[in-house]
Amino acid sequence: GAGVSQSPSNKVTEKGKDVELRCDPISGHTALYWYRQRLGQGLEFLIYFQGNSAPDKSGLPSDRFSAERTGESVSTLTIQRTQQEDSAVYLCAILRRGGFANTGELFFGEGSRLTVL
Amino acid sequence: DAKTTQPNSMESNEEEPVHLPCNHSTISGTDYIHWYRQLPSQGPEYVIHGLTSNVNNRMASLAIAEDRKSSTLILHRATLRDAAVYYCILRDRAGANNLFFGTGTRLTVIP
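Top line first, the protein sequences correspond to chains A and B.
Sequential numbering of the first sequence, starting at 1098, is according to the numbering used here.
Sequential numbering of the second sequence, starting at 482, is according to the numbering used here.
So here's chain A without its partners, still in its complex pose:
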């Protein structure tokens, strides 16, 4: 929604496999976030990118999780050796250029639903 496209929308994988989730935001955003939402629960912050600064990885639950962003465009979240507890919806959000960090709106994608069997 509102300029954030995520793919795949649904992914079913077997335990132990690696998965890559993609976030394709519109140009002109200043910050990009990844969140995880388990069934029936709130959003868990995972990682945050802004400009050329080092990303804030404080929310990544383990070293199996990593994320990259190419310039100010596509970001990928990679989960290695997936576990059943990784099953969740992974949401990407952007802060548009001109939005202040403390007041600007976050625009979320519709998420990628990951199911680990």
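What the hints contain is simulated information worked out from the structure, not anything from laboratory work.
Check before you lean on any hint, since a few could be wrong.
Using 25 Å as the maximum straight-line C-alpha spacing, the simulated SDA-like pairs for lysine to any residue come out as follows [stated by the list, open to error]:
#1 A:Lys-1108 to A:Gln-1181
#2 A:Lys-1108 to A:Leu-1136
#3 A:Lys-1108 to A:Phe-1142
#4 B:Lys-484 to A:Gln-1134
#5 B:Lys-484 to A:Leu-1157
#6 A:Lys-1112 to A:Thr-1173
#7 B:Lys-484 to A:Phe-1142
#8 B:Lys-484 to A:Gly-1139
#9 A:Lys-1112 to A:Gly-1139
#10 A:Lys-1154 to B:Thr-584
#11 A:Lys-1108 to B:Leu-520
#12 A:Lys-1112 to A:Leu-1214
#13 B:Lys-484 to A:Ser-1159
#14 A:Lys-1154 to A:Glu-1202
#15 B:Lys-484 to A:Ser-1155
#16 A:Lys-1154 to B:Lys-484
#17 B:Lys-550 to A:Glu-1202
#18 B:Lys-484 to B:Asp-548
#19 A:Lys-1154 to B:Thr-511
#20 A:Lys-1114 to A:Thr-1212
#21 B:Lys-484 to A:Glu-1141
#22 A:Lys-1154 to B:Lys-550
#23 A:Lys-1108 to B:Pro-521
#24 B:Lys-484 to B:Asn-535
#25 B:Lys-484 to A:Gln-1147
#26 B:Lys-484 to A:Asp-1153
#27 B:Lys-484 to A:Glu-1202
#28 B:Lys-550 to A:Phe-1142
#29 B:Lys-550 to B:Glu-496
#30 B:Lys-484 to A:Gly-1137
#31 A:Lys-1154 to B:Tyr-527
Keep in mind the model is a prediction, meaning the values are calculated, not measured.
Since chain A is already given, all that's left is putting chain B on it; use the hints.
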């Protein structure tokens, strides 16, 4: 980081006003109060935000207590489309990266 507390669920009749409360007793002077909502099978969407004064926009109104330790999101006439999970979050002046959404309030609108 300052956190918020919301009721897990609320119900409202269609076309009646809804008041969704949020407690944030540890709010700092530089924290902005934001509300988002999440419709079924969608990502959250921005609703409204404020600092000290009450705010109105086309979607809702935000009433902020004088001591800023609580706030209320007001939907003036609930519609079925307003059924969603509503999140109250705080964002500080430095623009904290780790925005804590919590579990929100699930609003059910009864036709």
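For each hint, the structure was consulted:
no., hint, verdict
1, A:Lys-1108 to A:Gln-1181, "holds (13 Å)"
2, A:Lys-1108 to A:Leu-1136, "holds (15 Å)"
3, A:Lys-1108 to A:Phe-1142, "holds (20 Å)"
4, B:Lys-484 to A:Gln-1134, "holds (18 Å)"
5, B:Lys-484 to A:Leu-1157, "holds (20 Å)"
6, A:Lys-1112 to A:Thr-1173, "holds (20 Å)"
7, B:Lys-484 to A:Phe-1142, "holds (14 Å)"
8, B:Lys-484 to A:Gly-1139, "holds (13 Å)"
9, A:Lys-1112 to A:Gly-1139, "holds (24 Å)"
10, A:Lys-1154 to B:Thr-584, "holds (22 Å)"
11, A:Lys-1108 to B:Leu-520, "holds (21 Å)"
12, A:Lys-1112 to A:Leu-1214, "holds (6 Å)"
13, B:Lys-484 to A:Ser-1159, "holds (24 Å)"
14, A:Lys-1154 to A:Glu-1202, "holds (21 Å)"
15, B:Lys-484 to A:Ser-1155, "holds (17 Å)"
16, A:Lys-1154 to B:Lys-484, "holds (20 Å)"
17, B:Lys-550 to A:Glu-1202, "holds (22 Å)"
18, B:Lys-484 to B:Asp-548, "holds (16 Å)"
19, A:Lys-1154 to B:Thr-511, "holds (24 Å)"
20, A:Lys-1114 to A:Thr-1212, "holds (12 Å)"
21, B:Lys-484 to A:Glu-1141, "holds (14 Å)"
22, A:Lys-1154 to B:Lys-550, "violated (30 Å)"
23, A:Lys-1108 to B:Pro-521, "holds (19 Å)"
24, B:Lys-484 to B:Asn-535, "holds (20 Å)"
25, B:Lys-484 to A:Gln-1147, "holds (23 Å)"
26, B:Lys-484 to A:Asp-1153, "holds (20 Å)"
27, B:Lys-484 to A:Glu-1202, "holds (19 Å)"
28, B:Lys-550 to A:Phe-1142, "holds (24 Å)"
29, B:Lys-550 to B:Glu-496, "violated (29 Å)"
30, B:Lys-484 to A:Gly-1137, "holds (19 Å)"
31, A:Lys-1154 to B:Tyr-527, "holds (24 Å)"
Going through the hint list in order, the structure does not satisfy hints 22, 29.
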